[in-house]
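**Student:** For reference, the chains in residue letters:
Protein chains: 2
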Amino acid sequence: MAAPKYLTGDKAGIDEFLDRFEVFLFDCDGVLWSGDHLFPRIPETIDMLRKKGKQLVFVTNNSTKSRADYKKKFDKMGISAKEEEVFGSSYSAAIYISRILRLPAPKNKVFVLGETGVEQELQSENVPYIGGTDPSYRREVENSDYTSIADESALDPDVGIVLAGLDFHPSYLKYSLAMAYLRRGAKFLATNIDSTLPNAGSLFPGAGATTAPLILASGQEPLALGKPSQAMMDAIEGKFQFDRSKACMIGDRLNTDIQFGIEGKLGGTLCVLTGVSKKEEFLAEGVAVVPGAYVDQLGDLLR
Amino acid sequence: MAAPKYLTGDKAGIDEFLDRFEVFLFDCDGVLWSGDHLFPRIPETIDMLRKKGKQLVFVTNNSTKSRADYKKKFDKMGISAKEEEVFGSSYSAAIYISRILRLPAPKNKVFVLGETGVEQELQSENVPYIGGTDPSYRREVENSDYTSIADESALDPDVGIVLAGLDFHPSYLKYSLAMAYLRRGAKFLATNIDSTLPNAGSLFPGAGATTAPLILASGQEPLALGKPSQAMMDAIEGKFQFDRSKACMIGDRLNTDIQFGIEGKLGGTLCVLTGVSKKEEFLAEGVAVVPGAYVDQLGDLLR
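Quick mapping for you: the protein sequence lines, in order, are chains A and B.
The C-terminal position of the first sequence is numbered 305 in my numbering, with every residue numbered one higher than the one before it.
The C-terminal position of the second sequence is numbered 305 in my numbering, with every residue numbered one higher than the one before it.
Don't read these hints as lab results, they were simulated from the structure.
Any given hint might turn out to be false.
No copy is singled out in the list; a pair is fine if it fits within one copy or between any two copies.
Below, computed lysine-lysine pairings styled on DSS-like, alpha-carbon distance capped at 30 Å [said to hold, decoys possible]:
hint, residue 1, residue 2
1, Lys-189, Lys-267
2, Lys-109, Lys-189
3, Lys-189, Lys-53
4, Lys-109, Lys-241
5, Lys-53, Lys-109
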């Protein structure tokens with residue numbers, strides 16, 4: 003495998019790199035911003051790429067926000083973007099459920115572990131759901147719950163899918179219900195299984211922390227519909243219609259973003275060092291996932 | 003490995019089995035009861051063993067209850083037991099922290115994920131702690147929390163240990179704080195890592211579901227102090243002083259109870275079929291953990 007090309011400060015290298023691609027897929031957290039902190043020269047870099055006629059797609063594993071929520075975040079950050087350019091893991095999961103899994107109604111109801119982003123995207127695809135942000139699932143488990151969950155009288159007869167995204171409001175009741183649905187035969191899906199969530203320059207538990215208790219307790223593994231799942235790449239290509247050899251994935255995580263681009267046989271991958279992965283992780287000998295190029299920060303593409 | 007002996011209905015076999023041992027270590031959930039459901043003839047079976055002069059120890063991985071709580075449960079169930087005969091995973095963890103780990107004060111403070119059982123046993127060993135059942139940790143995470151956790155201003159400078167038991171009140175704030183303590187270098191301990199909790203004839207998420215998000219997010223594995231950890235066996239032997247060859251472990255789980263007895267080189271192990279493990283799991287060819295004997299239910303020992 004060729005060594006990744008270091009592009010920061012390399013004007014000719016950057017020109018050559020940008021000229022190779024017509025489409026750039028961007029991860030957001032760790033690339034454009036970290037939480038509410040915008041990285042330097044991001045709006046200008048995005049504008050530069052638009053002026054060069056590049057097609058931009060913002061591909062995020064953040065399941066807590068819908069595409070509409072993300073558009074608001076771009077506006078707040080002063081980055082030009084259209085809602086249609088955003089492709090999130092909640093949207094990816096909703097599309098998978100409505101267009102690929104296609105369980106016959108009414109047995110297509112989803113038990114959601116997660117936030118409003120998951121709910122909005124399920125609504126946009128007319129997928130029925132329960133759980134999610136409903137505060138009634140945040141109460142304590144009572145003794146009678148054990149009985150009514152064990153005998154299934156507390157279960158919705160129509161739930162055929164458990165979908166887990168990052169849940170900021172975990173509860174033992176939700177986990178107990180989700181486990182019971184899985185034991186009854188529900189399909190187990192995850193928006194994504196990122197182990198960590200970068201924020202404020204540190205790392206917090208990611209969406210994988212929501213699924214981890216269920217994986218252990220049920221003995222079942224979810225189908226993850228965020229990066230690096232190629233189900234997400236297929237859905238993106240289906241929507242945006244591009245030549246993969248002319249597309250480049252830009253991200254901060256080797257085991258999600260860069261792997262996603264490599265397995266998707268994109269023309270290139272670019273790693274930024276403003277997020278999770280450190281350059282030592284891909285510059286070492288014999289490592290599994292190596293980006294085509296890297297920069298210290300995305301704004302370094304701007305000369 | 004010899005095939006396990008089936009003792010239900012085998013009067014001579016039961017007599018011979020009971021005569022071999024002076025000490026019986028009992029798992030509780032799945033052996034004596036399931037949740038609030040007492041299995042048949044349990045009080046009479048316990049009384050029979052006491053009349054034969056056997057020493058009884060109740061060894062439980064349930065971290066939510068202290069030894070005093072357990073004594074109350076035995077009383078409610080009508081089973082004769084002394085508080086000193088109970089040995090729980092919370093007590094095991096408290097002893098490990100106070101008598102083996104012995105971090106110098108004040109850096110021996112524990113951040114607790116779990117219920118009152120953990121707190122009571124830490125108190126009994128004079129170990130300082132925060133977290134646990136304190137309701138202030140159940141609130142939502144605010145944006146300012148990300149900053150104050152990332153810059154460590156929200157962290158207690160004295161916390162040197164994260165101890166996780168089964169937590170019926172999980173919160174993203176607790177997980178974020180626990181992860182930050184682990185990243186700062188805290189020791190990671192678990193009362194136990196049972197994947198499931200039997201109740202009402204079904205299975206619910208166990209204490210392992212509390213640690214699973216932290217293991218994934220931090221990349222660190224806890225030292226588990228419940229069964230099958232031999233740290234617990236050593237502590238039990240140290241307290242009760244018995245000849246391991248004359249001791250028998252009775253339990254319903256191959257990968258906790260029976261493994262605990264085998265690895266502890268006890269004279270025997272007895273599996274009951276009223277809990278998690280099914281006989282097919284140990285009667286199959288080439289399986290790793292096989293009990294010395296088994297009965298359909300503990301009450302079958304009573305003729």
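**Student:** None of the hints should be skipped; say for each whether it holds.
**Tutor:** Here is how each hint holds up against the structure:
no. : hint               : result
1   : Lys-189 to Lys-267 : within (29 Å within a copy, 42 Å between copies)
2   : Lys-109 to Lys-189 : within (11 Å within a copy, 46 Å between copies)
3   : Lys-189 to Lys-53  : neither (44 Å within a copy, 52 Å between copies)
4   : Lys-109 to Lys-241 : within (27 Å within a copy, 55 Å between copies)
5   : Lys-53 to Lys-109  : neither (48 Å within a copy, 57 Å between copies)
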